[in-house]
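With the hints as constraints, model all of the structure from the sequences given.
The lines below spell out each chain.
2 protein chains.
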Amino acid sequence: MENEKTFEEISAEIIALLDAKKYIRARDEILKINEVDTAELLEEIIEELGIEYAVILFRMLPKDVSVEVFSYLPPDDRLAIINVITDKELKYIIDELDFDDMIDVLEELPANIVDKILEKTTKEERKQINTFLNYPDRSAGSLMTPDYISLQKGMTVEAAMAHIKRVGMDSETIYTCYVKDQGRKLIGIVSLRALVIADSDARVADMLDEDMVYVNVYDDQEDVSEMFKKYGFLAIPVVDNEKRLVGIITVDDIFGVIEEEYNEDFERMAGVLDSGDAEYMDIGVFKHVWNRLPWLIFLMISAMVTGSIIRSFEVLLSNVISLAVYLPLLMGTGGNSGSQTATLVIRGMAVGNLELRDALRVLWKELRVSITIGFILSCLNFAKILLLDRESLVVAATVCISMLVIVTMAKCIGGMLPMLAKRVGIDPALMAAPMISSLTDLVSCITYFSLATIVLNT
Amino acid sequence: MENEKTFEEISAEIIALLDAKKYIRARDEILKINEVDTAELLEEIIEELGIEYAVILFRMLPKDVSVEVFSYLPPDDRLAIINVITDKELKYIIDELDFDDMIDVLEELPANIVDKILEKTTKEERKQINTFLNYPDRSAGSLMTPDYISLQKGMTVEAAMAHIKRVGMDSETIYTCYVKDQGRKLIGIVSLRALVIADSDARVADMLDEDMVYVNVYDDQEDVSEMFKKYGFLAIPVVDNEKRLVGIITVDDIFGVIEEEYNEDFERMAGVLDSGDAEYMDIGVFKHVWNRLPWLIFLMISAMVTGSIIRSFEVLLSNVISLAVYLPLLMGTGGNSGSQTATLVIRGMAVGNLELRDALRVLWKELRVSITIGFILSCLNFAKILLLDRESLVVAATVCISMLVIVTMAKCIGGMLPMLAKRVGIDPALMAAPMISSLTDLVSCITYFSLATIVLNT
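Chains as they are written, first to last, in the working numbering: chain A, 1 to 458; chain B, 1001 to 1458.
These aren't lab readings, by the way, just hints derived from the structure by calculation.
One or more of the hints may lead you astray.
[As the list claims (entries may be wrong)] Straight-line C-alpha distance at most 20 Å; calculated SDA-like pairs for lysine to any residue: (1) B:LYS1365 <-> A:TRP290; (2) B:LYS1365 <-> A:ASP98; (3) B:LYS1032 <-> A:ASP206; (4) B:LYS1088 <-> B:THR1122; (5) B:LYS1230 <-> A:GLY256; (6) A:LYS230 <-> B:ILE1129; (7) A:LYS229 <-> B:GLU1259; (8) A:LYS229 <-> B:GLU1264; (9) A:LYS32 <-> B:MET1212; (10) A:LYS63 <-> A:ASP206; (11) B:LYS1032 <-> B:VAL1055; (12) A:LYS230 <-> B:GLU1008; (13) B:LYS1230 <-> A:ASP98; (14) A:LYS384 <-> B:SER1312; (15) B:LYS1116 <-> B:ASP1137; (16) A:LYS365 <-> B:ASN1291; (17) B:LYS1091 <-> B:LYS1127; (18) A:LYS165 <-> A:ASP199; (19) B:LYS1116 <-> B:ASN1130; (20) B:LYS1287 <-> A:ALA278; (21) B:LYS1230 <-> A:ASP199.
[Stated by the list, open to error] Covered, in the sense of this in silico footprint (three residues per stretch, anywhere, with C-beta under 8 Å from a C-beta of chain A), are these stretches of chain B: (22) 1021-1034; (23) 1055-1064; (24) 1096-1106; (25) 1161-1167; (26) 1175-1184; (27) 1257-1263; (28) 1340-1348.
As the structure is a computational prediction, the values presented were derived from the model and not from experiment.
In this text, a Cβ means the ideal position worked out from N, Cα and C, and glycines have one as well.
Right, here's the structure in full:
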């Protein structure tokens, strides 16, 4: 991790050099670091010294380095640079970017700039670019690149290697090659490993993997990332509905997908609408409000229902005011118990350990877990209420029996609701923490006051 | 996704064939599918027909296929198979497994079986295996494999390719090769792509990347996965404290790490102790209780404090009993508002968009967001309380002013607490939902009753 450790120092040094207008030395220092780090450094330069300094440096980098660095910049910094450089420089960048990065860049640019760029491409290119721009967001098509290596079935290994040598520079990966029939249908894949290990006069056909796994261009990106996780591939072919090969997705593009899906789950769990790729600081105040308000209102309405249940027990409550003291305890414990189970079940379903047919087994396990937990918590509370709070035995009994019932119900609801959601085709992640706790709040209130009515009236 | 779709059918077919004792035909069908899928099928066979059928089939597979399938089986199924096969078969599997898979298998086996296996290895092998078994769980060392390709700096491309062809079969990857000096120190890496594209009489030294990124053998697996995400590598070298190359980690092993870290975050957010790799169903009832109880007790204690605050306002509450009706509403909204912000800030810090130095900017943004949200929610409630609940203006005012204050405080706490945690070196994920909501419960209660005292006494 030496590189990681010294990066802060290096970047401070380079920024100092730039500030002192020692551009040549700054550039030489930059050329020693990885392009990903250079992009990070440029971000810092833009923030600390301003865009002019970043562009001066950007222009001094060797062309191929500058294009690669550009591809690693975040959208707003890309746009900032595009706004300052000449049309010619922009054209160069667009031409030299890997196809999938170019599409990403075009997707982020304002329409008038995209039109300006497309004007300068050939009709053929324009058609392909437009096809790629039109694949739905989050589809396999939006992730793929058409820059893969095609081999012929009849080629010898020697011929194949010569071909790879010739076109390898412009391909996204050379480590997996693809074989198509006359109709452009995918018939198999060959790994470079197989080619390197094979004798040079062997045929590509002999080492063809014809049972390859592939995805459809309209498949969801989450399914694609599941396949990478499951099979450990470096690349996966993408076909259209006629099984014609239209592109490939490489493993390095999957990390972004995993992070995006992960963010989405996280946000759902916290009751926030999906903010996509946008960073916290880049989202405006009103957009933040917009993303958070719907859940809060939904949960507020459910809390209003809970409130009206309390209201219906107003007489009971005014007779035994100390019942109110234990309400947060019971509602809180119910909510937490339920969301623990819900989280485990949702995760289990997401990673494929739990299926719908396991529902009864989950229920049986949660029943035992919750009764054990409920019993322990009840005993603790019983002692605390009698000895510390010096409440009457009936109040202690009411609270503790309620605790046991509430924990048990909350855990069973927490286990079953995500499964039910999946059964009827709703994303189980929507059944997470906020949903479960608002439901258990309701259940807790009704249970507690009903039990109190029974116990205290006898 | 055709493969995916037909997998269920294929597996049903093969299970039917086995059940009818048509082993040869079952094997032929199996050989048509990917080894990862075969492992999944074996799991199903063990579950539905029993281990004997799985072993019969396992023995009929070509040796190299059976070893690969074995490496994809879950731990308990591996153990089931090991318990039935002969020592000779076990020895073969252990010998043929990739080094990192072998270490994984050994780690899961009971000590007596591991001893039995190690007896049959050479002293040299035993030493290496023991070194690898001793790397701490979740360290880079526990993920790596020593099966990488070493090249000499002075080699021509032709010699390098010949070397790769010779040893490529036994290496974890051939796509990145490593160059060491006499002292086994890592001096650079060469990609197979560079070798394939270069002229055959070029020297390895000319295409050496000497500014490569590497990790230390004791680095945390999360840092390793961050580097894969950041740089998009296919493999990363692992060095010891003297920068000697001891192994490599390949990208396919990183997906498991990401999932594990993800699970951990998820569990922390729900207040469950880390269950590691264990699957929901494989965890016993008491272990489930053990994993969940600490958080529930911790949160229960905090709810008890909230309860005693309510108790201290008992007189007020018995005078205006309808105050209790709005308690769940205020506490719930406070908790949800706080955990929304906490989640966003924790995620922002985890993916590197938010730094500690952004604290004031986060506070400023949350302040504006929360006042907007608080104002909207207050207005909705004001109308509802006056018009639907037909409460007095003072009660409505008390609830709505409390709502505004509570939402604002909850969001500021939710934003600052994870940052504070990071500042003092605690994992911010521990500050998530349950923690935040128990804190905001306290704040909500105090705010509400204090305001009520002021407003209702005037």
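How the hints compare with the structure:
1. B:LYS1365 <-> A:TRP290: holds (14 Å)
2. B:LYS1365 <-> A:ASP98: violated (37 Å)
3. B:LYS1032 <-> A:ASP206: holds (16 Å)
4. B:LYS1088 <-> B:THR1122: holds (16 Å)
5. B:LYS1230 <-> A:GLY256: Holds, because 10 Å separates the two Cα atoms, which is no more than 20 Å.
6. A:LYS230 <-> B:ILE1129: The given pair, whose Cα atoms are some 27 Å apart, is violated under the 20 Å limit.
7. A:LYS229 <-> B:GLU1259: Since the Cα atoms of LYS229 of chain A and GLU1259 of chain B sit roughly 9 Å apart, the hinted pair holds (cutoff 20 Å).
8. A:LYS229 <-> B:GLU1264: holds (18 Å)
9. A:LYS32 <-> B:MET1212: holds (10 Å)
10. A:LYS63 <-> A:ASP206: violated (41 Å)
11. B:LYS1032 <-> B:VAL1055: Measuring from Cα to Cα gives roughly 19 Å; hence the hint holds.
12. A:LYS230 <-> B:GLU1008: holds (16 Å)
13. B:LYS1230 <-> A:ASP98: Since the Cα atoms of LYS1230 of chain B and ASP98 of chain A sit roughly 18 Å apart, the hinted pair holds (cutoff 20 Å).
14. A:LYS384 <-> B:SER1312: Holds: LYS384 of chain A and SER1312 of chain B sit about 17 Å apart, inside 20 Å.
15. B:LYS1116 <-> B:ASP1137: violated (23 Å)
16. A:LYS365 <-> B:ASN1291: holds (14 Å)
17. B:LYS1091 <-> B:LYS1127: The hint holds at about 17 Å.
18. A:LYS165 <-> A:ASP199: With Cα atoms ~17 Å apart, LYS165 of chain A and ASP199 of chain A stay inside 20 Å; holds.
19. B:LYS1116 <-> B:ASN1130: With Cα atoms ~14 Å apart, LYS1116 of chain B and ASN1130 of chain B stay inside 20 Å; holds.
20. B:LYS1287 <-> A:ALA278: The given pair, whose Cα atoms are some 39 Å apart, is violated under the 20 Å limit.
21. B:LYS1230 <-> A:ASP199: Between LYS1230 of chain B and ASP199 of chain A the Cα gap is close to 37 Å, so the pair fails against 20 Å, i.e. violated.
22. 1021-1034: With 3 residues in contact (Cβ-Cβ under 8 Å with chain A), the coverage given for the region 1021-1034 of chain B holds.
23. 1055-1064: With 0 residues closer than 8 Å to chain A, the region 1055-1064 of chain B misses the three-residue bar; violated.
24. 1096-1106: Contact hint for the region 1096-1106 of chain B vs chain A: violated, 0 residues under 8 Å.
25. 1161-1167: holds (count 3)
26. 1175-1184: violated (count 1)
27. 1257-1263: holds (count 4)
28. 1340-1348: holds (count 7)
In this structure, the earlier hints numbered 2, 6, 10, 15, 20, 21, 23, 24, 26 are contradicted, and the remaining ones agree with it.
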